[in-house]
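S.K.: Protein chains in written order, with our numbering: chain A, 26 to 325; chain B, 1289 to 1606; chain C, -5 to 569; chain D, 976 to 1537.
Source of the hints: derived by calculation from the structure; they are not laboratory data.
It is possible that some hints are incorrect.
[Said to hold, decoys possible] In silico lysine-lysine, DSS-like type, Cα no more than 25 Å apart, as pairs:
1) C:LYS107 x B:LYS1342
2) C:LYS303 x C:LYS402
3) C:LYS107 x B:LYS1344
4) B:LYS1413 x D:LYS1067
5) C:LYS124 x C:LYS107
6) D:LYS1110 x A:LYS213
7) B:LYS1342 x C:LYS436
8) C:LYS229 x C:LYS5
9) C:LYS527 x C:LYS356
10) A:LYS55 x B:LYS1342
11) C:LYS165 x B:LYS1344
12) C:LYS229 x C:LYS549
13) C:LYS455 x B:LYS1342
14) C:LYS193 x B:LYS1342
15) A:LYS213 x D:LYS1345
16) C:LYS436 x C:LYS324
17) B:LYS1344 x C:LYS193
18) C:LYS324 x C:LYS377
19) C:LYS229 x C:LYS368
20) C:LYS221 x C:LYS5
21) C:LYS549 x C:LYS527
22) C:LYS366 x C:LYS508
23) C:LYS368 x B:LYS1344
24) C:LYS183 x B:LYS1342
25) C:LYS182 x B:LYS1342
26) C:LYS164 x C:LYS221
27) C:LYS221 x C:LYS205
28) C:LYS59 x C:LYS356
29) C:LYS165 x C:LYS221
30) D:LYS1110 x D:LYS1067
31) C:LYS356 x C:LYS107
32) B:LYS1344 x C:LYS366
33) C:LYS324 x C:LYS409
34) B:LYS1413 x A:LYS61
35) C:LYS508 x C:LYS432
36) C:LYS183 x B:LYS1344
37) C:LYS527 x B:LYS1342
38) C:LYS440 x C:LYS409
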Amino acid sequence: MSEAQIEVSRRGGAPDGMAAPVSNRMLMWKRFMRNKIAVVGAVVVVLAFAFAFLGPLIYQTDQVHVQLSAANEAPSANHWLGTDAVGFDQLGRMMVGGQVSLTIGLAAGVLATVIGALWGSVAGYTGGWVDAIMMRIVDSGIAIPALFILLVISAIVSPNSLTMILVIGCLAWLVPSRLVRAETLTLKSRDYVLTLRGIGGGHWRVVSRHIVPNTISTLVVNATFQIADAILLVAYVSYLGMGVQAPATDWGGMLSAGLSAAYSGFWWLIIPPGVAIILVVCAFNAIGDGLRDMFDVKGR
Amino acid sequence: METFRFILKRVGQSVVVVFLVTIVVFALLHLLPGGPARGILGVQATPEQIAAFKEKRGLDEPLVIQYLEYLGRLLQGDLGRSYVLNAPVADLIIDRLPKTLLLSVLSAAVGLMIALPLGIWQAYKRNRPSDYVLTSLSFVAYATPVFFVGLILIIVFTQWLSWFPPLAPRGDSIADILSDPQALVLPVTTAALGIIALFSRYMRASTLDNLSEDYVRTAAAKGTSEGQILARHVFRNSLTSITTMLGYYIPVLFAGSLVVEQLFNYPGMGLLFWNAAQAPDFPVLLGCVLIISIATVIGSLLADLVQVFIDPRVRHSS
Amino acid sequence: SDPAESSAETKNSVSYAWPVSQTPNWISPISSAGHTSTINASLNQVLWTPLIEFNTSGGSMGWDKEASLAKSVEFSPDGRVATITLKDMSWSDGVPVTSRDVEFWLNLIKANKENWANYVDGRMPDIIKKFEAVNSSTFKLTFDDVYNQDWLKSNQLSFIQPIPQHAWDKKSDSGAVGNYDRTESGAKKVFEYIQSEAKDMASYDTNPLWKTTNGPYKIDTFTSSGKVVLAKNKKYDGTDAAHIETVKLLPFTSVEAEQNALRSGELDYGYITASAMAQKETFEASGYKITPKPGWSITYMPYNFNNPKMGDVFSQLYVRQAIQHSIDQKSISEVIWQGTAEPGYGPIPQGSDSPYLSEVQKNNPYPYSIDKAKKLLTSHGWKMGSDGVAVCSSVGTGENECGEGIEKGTRLEIKLLAQSGSTETDNMMNEIRSSLSKAGIKLDVKSAPVNSVLSQTPRCKPSQKQCDWQLSFFGTSGSWYFPPYPTGERIFGTDGPSNFGHYSNPKADRLMQKAVSSKDSSAMVKYSALLAKDLPVVWMPNPVYQVSATREGLKGTAADVDEIYPQRWHWETQK
Amino acid sequence: MTSTTLATEAALKIDDLNVAFTAESGTVPAVEGVSLQVAPGEVLALVGESGSGKSTVALTAMGLLPSNAQMTGNVSVAGSTIDVPDGRSLNKIRGRVVSMVFQEPASALNPLKRIGDQIAEVITNHTDVPAREAKARAVTLLDRVGIADPEQRIRDYPFQLSGGQRQRVVIAIAIANDPALLIADEPTTALDVTVQAEILDLLRSLASGTNTAVLLVTHNMGVVADFAERVAVMLKGELVESGQVNDVLLHPQHEYTRRLLKAVPRLRVTTDEPDPENTNTESAVSASEHIALEFENVSVTYGRGRRRFEALKSVSFQLPQSATLGLVGESGSGKSTTGRAAIGLLKPSAGSVRLFNRDLRSLPWRTRRKFQAQIGIVLQDPVASLDPRMSVMDCVAEPLMTHRRLSGTERRQKVASLLDSVHLPAGVIRRFPHELSGGQRQRVSMARALILEPRLLIADEATSALDVSVQASVLSVLTELQQTYGFACLFISHDLAVVQQMSQTVAVMRRGEIVESGPTGSVLVNPEVEYTRELLSAAPVPDPVVQKQRRRTVEVGGSVGQ
Ligand SMILES: Nc1ncnc2c1ncn2[C@@H]1O[C@H](COP(=O)(O)OP(=O)(O)OP(=O)(O)O)[C@@H](O)[C@H]1O
Ligand SMILES: Nc1ncnc2c1ncn2[C@@H]1O[C@H](COP(=O)(O)OP(=O)(O)OP(=O)(O)O)[C@@H](O)[C@H]1O
Ligand SMILES: [Mg+2]
Ligand SMILES: [Mg+2]
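Using the sequences and the hints, build the whole thing.
M.R.: Structural data, given as structure tokens:
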């Protein structure tokens, strides 16, 4: 690091009459594009979605009926990535699994963020006893091992994409709720909020016009991290045997099923799902980083 | 005095949290379909045995009564007796907790010892090739599920290279376990990788935040060199945000320890919990969850106290 | 570790892996509900010689006289009295084992039968009307009825476990030894004392109570994590003496960890999963012998005939036939279980030959055929819907109609609650779901830990909420382990406590009753044929108890299936 | 490079300095062709409006320009060339040859280190002294900058000190090694007037005592008049005028300097001085019996239990319709609290706040809203006053949205006409706050406050974040609007001159109480209370002659400083 790199904080506004020469959107876009890793991440995510959702249109396989006579075959012209322990085409399976992993990850991440945002903003904005109680609940939620809740819920409901989204969404909202609460606490004493309150603006107006829009950037950044975490969590859940039920699958389930064949040399059962998970989770994290640069918010 | 009041308040909050946890967990347990009796007694159990089991454990009483009884016993320090393992829950936890703690503390220590300097280094070299490479690596480490990491490490270091044994130390006491450091390498590494990945990111961000603070400029104006600024000023200030994160990392560490314990044959809390959950062994489950939540609460309490220690402002402003 | 060094060392010791996630937790030879795992039984059998031990050491299920304390069992001509003679053996403190020790056990059990895990109403000890000691090594048991003698010996008398009366007949640690067991209240106190001592696992290797044994091994160390070290009992004077000085029984937290231990040569005797059979050669190359060990068990999925939605459908034999036809047991056994499971077509274990097995069961009355399954359905008034699920279209009880209680529009859609945690089971269920779907039957699989499956598969009335289960699977390592004489009244009898789905067939009930109470064993064969055809449950391939991996040179493991007999283990001398 | 300082050499010599920043929006030239010199022992003040490049010049002299700056030209301090890429040798110069005092005392110190250690650091950086010796010197330094009880104080953390004390610590750090050049970038803007006076005194005495050259960056002409010998004026990165203080301030040559000086609000300190600025006629006071705002023994407390703090203690005043009441007082005296209590954001613990003769808090919600619609609010910080995610249109229209149902076009017309009356071009309507300058933002706030044609305007430090020239224009707009709309105005400010210019009556607050109030003319010119007198004398007047005169009288009276 050179001397000059120690940043000097900037302050002082532009002189009267001077306007920003570049529009806001362009600037944010430029900031995002400058983060090379984030751009790569965005490309990876787009490709992953295309692979999972458009891939089956091109590479058609039967992912419903097993074919024991074709189990554990090595990659060939018929099966580009070989077949798994019950004879499903592995490449086709990657696509089906990708649909589940990506859908659950995306939806659960968003759900967690939404719940967290609502909870945190209500707690932070209301303050006082309500805040104290709501935050103690969050603390309790953080203190209860997620594994436990997962276990109970998966014993009650049958794990499919929808229930997994709900389960993970209900587990992961705690962190964003703390973030949003902290943000709301500072926002609600901002001058523009005080001004609005002073002239008789209602709570609804304050929350909907000022608090929510101003936490959006934090939330969007956090949501990308949540999505990454949700995809990982799905993998863990599958590893622990509580994943979606066959014939549906997800990358985590494929990976953990493949792991039992690790020493049998069936690399095509392990490498593709493993790499897919790592790539996509990395990609979402990278996007989050890029978005953070773009919004210039501190998150996570 | 202020510090004392602050601690008192936080302890009070923690007690409330633990209390809430017991309620939630107790309620959740009873959502488990079927109850524990048949599962624990097995296929061959007779209806009489099942009825006797339920009666003896009070499982046929209303939930509220059961909870109050549990609470009453809990307040007397009695965690109950395992349905499955023929031992009091307290004994089981006393037996397993130190092992898990040992593993967690070791991996957290190793992880942080690597993560913190790494994060600072990345902040120091920000947006340079070395930063990009390290950032990408930490992304990958973060994105790799623990069970996958563990497997890769085992294959590489025990099957290919034969450097380390594939099993964690078998000893029953901490001293026994520590006397076999070679066997600790892989489990600790597996658990530490995630910490390194996550906390190097935190540290990098935190360091960058601090680097843009005014006091850094003041230090530069004093003629303090970059390295010294990082060491004397930024490092410690960045720690304050890291400690909070660490407090909340405890449950995650615990979840990770389950996988590590399974992979490396290390019977700790994670496994105790997991097996109890499969049974379901209510007293053990409750005990484990209680201990974990207390650990988490203590963890964040400690994090706060460390904050007080690091950051004199907290004592006065909270 | 250095192979030369370890082989020199292993000569006098063996390290063995307990089944995954299982640890011994009950030492008392009197079993207690919830602590009845086979590994507890193994440990018991090694420490205290049972009166009559049955196992498969002779190639098929039979009386293992070496491992038993009884020298002979003779029945009176009317079959109501058995005279049993004990071998000349002594306890570790030198006191001889006598009839009194048998009486002691019997007294304790009689006074505390509801606290004894093996108690079933109307069985041991209720069937024993009178105990009579002829002399110190011979005694007579008088029964309340005439029973099948195979059944008596193998399923009832084998429960008897002589225990050291001269050391244990007391009410507390410091209490004096007396004849307390002879009064009911005294027997209760003694029983309670012994069992409460067994609740302190930390003292298992120190408590003097557990030091009075008569088995080939004694406990050297016992840790709460489940690691047990056995040392040869130097004072053993029976017929089944141990060969190896030290036996280390080690717990494992996961199959992966256990297999890794095998791979790195840390174990002499372990096991692998069925899917690891693909690596059989690798294991063999590194010096292990791989042997599948079929259990004395059957595997099945009970139908819930009381389920309000599907009960009536399941009651139709043709539906059960269609389902059974759709299960490709051969392929499942060969591909998914890698040849380690044995197809099972009826209520008698098929892994080893047995006199009870009928030809009907052996020859599979319902071979895999989707066409037949489909035809059975379509010929009984079901139509294939557009989504491939059969729908009942002609209601009625006639020849080609759906049958009693089935409404029009009923879809053949079945919920299955299956055991989780095993790749093989997951794959098997996937295969079954797939084949059934080809036959027009939709199977919704939900998996849960085995205990949870059991808890959710109760015997129930149609009106009860918990009666919503339809089909259930808990047999990843076999659904039901039989005592040596494989009668099925507990699983298939109308009032059988483990007849979860309320299967009821008076003819079968009669046959099962006969199998127990007549001297003649032919009822068992008829019963085998009847149930193979009547399909009280979905018959499934029976997975082995475990696939053992033994180090080359370790002999004497043939008898080990679910229970182990470490006293038989020995290292091949020339190597 | 680190040649010894020659007495004859200039302490700072800048030759044709150009600095440009590469920012996201392109390259920003910040300094263009600036040359200047400061002799040893001399105080040079650098003035100019915000953004003119003053700080950039100062930072260049320290070699502390950020990484996105490109610099050409020569800068040397006491003979040593300042060359950015050469980090090592700069470390030897900084803190020893040249030191800097920064604007914000709150953040200039590491919050987590004891101040003693922070002072000692600059000593050990440059001399080989043992830690104990460095500590002893830190004590001496603290003593020198006028902090009482220095042995105890070196163990304190920054948060345990007041703003003024913190700034003293920063100064102690700066003078620790007796530098040849001391750069002070707005060292007092964040401080109270009374504290400001103390700090300036301290700097002055230190500089004259050690022959240290001082480069003082400020926008406060009063400070310049009080403190500097020479002054340099910057405009848009260029140096437009420089010379002796008396010459420049009294006889400015450059057109811009003249404009700047004219914009500076002047505090009348004598009754005989004419009052050209105050356009509000004093007759307004008596004209109105309608009271817009009335405080009657209002007390406000913050916190509960042991942390209970009484921020207002039985405050009473009346603000008649169409009049302006100025509220002055040092920081923390309760001015903002008064403002918040007035608009009902705080509940009084005792007494009553009456708006338009009604106690708003006792009214039902609907009626209360109707009265709240008659309040306009302009707060201090132009950045924090506007939601960064709302366009100017939305910001200004917000009160309309809350209180009136208007069609889109009506609303737009209304907003446009308001923007016009605060002299903003119509083009800004679609811009976002960050695309506006501070003055523009504050005018947007004002438009928002007035769009409902309020009868009462609360202006809490409405101009204190602005440049003098911008402040002047905003203030004149405010005066103009008050004449148009005739609202009453509660004008809160710590700048006595501004208050004097804006209000007919004034109330002086101290520790939650009003210590003196009355017509501006009498209170601020012939104060009766000692505290008011202190406040007045601490505020420097931007006239070197008058200021020197005042200083002399004060020094005789000896009431300034500790
Ligand atoms: N790090 C930076 N990156 C980009 N532009 C900068 C940076 N620092 C300052 N500038 C720009 O350079 C110009 C001069 O800034 P400078 O801080 O020197 O002004 P100033 O006279 O000190 O203003 P003020 O009175 O507000 O402190 C301004 O237009 C500012 O926006
Ligand atoms: N929310 C709050 N909680 C507790 N104390 C507060 C709060 N807000 C203000 N105070 C305290 O009340 C006193 C008066 O504060 P106020 O903001 O009214 O002062 P002020 O005169 O406006 O000061 P300044 O000129 O710095 O703006 C101060 O001592 C302040 O610390
Ligand atoms: Mg500046
Ligand atoms: Mg204020």
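S.K.: Hint by hint, note whether the structure agrees.
M.R.: Going through the hints against the structure:
1. C:LYS107 x B:LYS1342: 18 Å, holds
2. C:LYS303 x C:LYS402: 13 Å, holds
3. C:LYS107 x B:LYS1344: Between LYS107 (chain C) and LYS1344 (chain B) the Cα gap is close to 16 Å, so the pair holds against 25 Å.
4. B:LYS1413 x D:LYS1067: 23 Å, holds
5. C:LYS124 x C:LYS107: 16 Å, holds
6. D:LYS1110 x A:LYS213: Judged against 25 Å, a Cα distance of about 44 Å means the pair is violated.
7. B:LYS1342 x C:LYS436: 36 Å, violated
8. C:LYS229 x C:LYS5: Holds, at roughly 21 Å.
9. C:LYS527 x C:LYS356: Holds. LYS527 (chain C) to LYS356 (chain C) sits at ~11 Å (cutoff 25 Å).
10. A:LYS55 x B:LYS1342: 66 Å, violated
11. C:LYS165 x B:LYS1344: 23 Å, holds
12. C:LYS229 x C:LYS549: Given pair LYS229 (chain C), LYS549 (chain C) holds - Cα atoms ~24 Å apart, limit 25 Å.
13. C:LYS455 x B:LYS1342: Given pair LYS455 (chain C), LYS1342 (chain B) holds - Cα atoms ~20 Å apart, limit 25 Å.
14. C:LYS193 x B:LYS1342: 19 Å, holds
15. A:LYS213 x D:LYS1345: 23 Å, holds
16. C:LYS436 x C:LYS324: 22 Å, holds
17. B:LYS1344 x C:LYS193: Holds, at roughly 16 Å.
18. C:LYS324 x C:LYS377: At roughly 29 Å apart (the allowed maximum being 25 Å), LYS377 (chain C) and LYS324 (chain C) break the hint.
19. C:LYS229 x C:LYS368: 66 Å, violated
20. C:LYS221 x C:LYS5: 20 Å, holds
21. C:LYS549 x C:LYS527: 41 Å, violated
22. C:LYS366 x C:LYS508: Cα-Cα ~35 Å, so violated.
23. C:LYS368 x B:LYS1344: Given that 25 Å is the threshold and the Cα spacing comes to 50 Å, the pair is violated.
24. C:LYS183 x B:LYS1342: 23 Å, holds
25. C:LYS182 x B:LYS1342: 22 Å, holds
26. C:LYS164 x C:LYS221: Violated. LYS164 (chain C) to LYS221 (chain C) sits at ~30 Å, over the 25 Å cutoff.
27. C:LYS221 x C:LYS205: The hint holds at about 18 Å.
28. C:LYS59 x C:LYS356: Not OK: LYS59 (chain C) and LYS356 (chain C) at ~30 Å, beyond 25 Å, violated.
29. C:LYS165 x C:LYS221: 30 Å, violated
30. D:LYS1110 x D:LYS1067: 20 Å, holds
31. C:LYS356 x C:LYS107: Cα-Cα ~38 Å, so violated.
32. B:LYS1344 x C:LYS366: 51 Å, violated
33. C:LYS324 x C:LYS409: With Cα atoms ~24 Å apart, LYS324 (chain C) and LYS409 (chain C) stay inside 25 Å; holds.
34. B:LYS1413 x A:LYS61: OK: LYS1413 (chain B) and LYS61 (chain A) at ~16 Å, within 25 Å.
35. C:LYS508 x C:LYS432: Violated, at about 41 Å.
36. C:LYS183 x B:LYS1344: Distance of about 19 Å is within 25 Å: holds.
37. C:LYS527 x B:LYS1342: Cα-Cα ~38 Å, so violated.
38. C:LYS440 x C:LYS409: Within the cut-off at roughly 8 Å; holds.
Against the hints set out earlier in the document, violations occur for numbers 6, 7, 10, 18, 19, 21, 22, 23, 26, 28, 29, 31, 32, 35, 37.
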